[in-house]
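Peer 1: Full structure from sequences and hints, please.
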Amino acid sequence: MAINPADAIRAFNKAASLGSAGMEAREKPQSTFLETLGKVTADSIDANRKAEALTEKAVVGQAELMDVVTAVSNAEMTLQTVVAVRDRVLNAYQEIMRMPI
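In our numbering, the protein residues as written are 162 to 262.
By construction, these hints were calculated from the structure, which means they are not laboratory data.
Honestly, I wouldn't trust all of these hints.
[Unchecked claim] Lysine to aspartate or glutamate pairs mimicking EDC-like chemistry, simulated, CA-CA at most 16 Å apart: (1) 218 / 228; (2) 211 / 237; (3) 211 / 228; (4) 211 / 225.
[As the list claims (entries may be wrong)] Label-pair distances were calculated between CB atoms; the ranges are: (5) 228 / 259: 42 to 52 Å; (6) 256 / 221: 43 to 53 Å; (7) 176 / 207: 39 to 49 Å; (8) 203 / 255: 24 to 34 Å; (9) 214 / 259: 39 to 49 Å; (10) 241 / 175: 44 to 54 Å; (11) 227 / 191: 35 to 45 Å.
Note that this is a predicted model, so its numbers are computed, not measured.
All C-beta atoms in this analysis are idealised placements derived from N, C-alpha and C, irrespective of residue type, glycine included.
Peer 2: What follows is the structure in structure tokens.
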């Protein structure tokens, strides 16, 4: 069966117009990917700063050891998550770059 390119374009345009009709009724997304990524990065930095501040307080005897351990564990887990996401993004980018055109 031969496919006429003009028919394929018409079918694509029809499908695209059907999909865009419902998009007008939807609300705008609350945040973009970039905003979400920025928030996660800021949260990671804050967790590391909190762990550092509690460690400094523990050295001079102003913080409980359990609070320090919890903060350091939280910072470590956050950093591992950031590294895992970064690795996944880089792998996805490399896969896209390897795709033939």
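Peer 1: Broken hints, numbered, in rising order?
Peer 2: Per hint list: zero violations.
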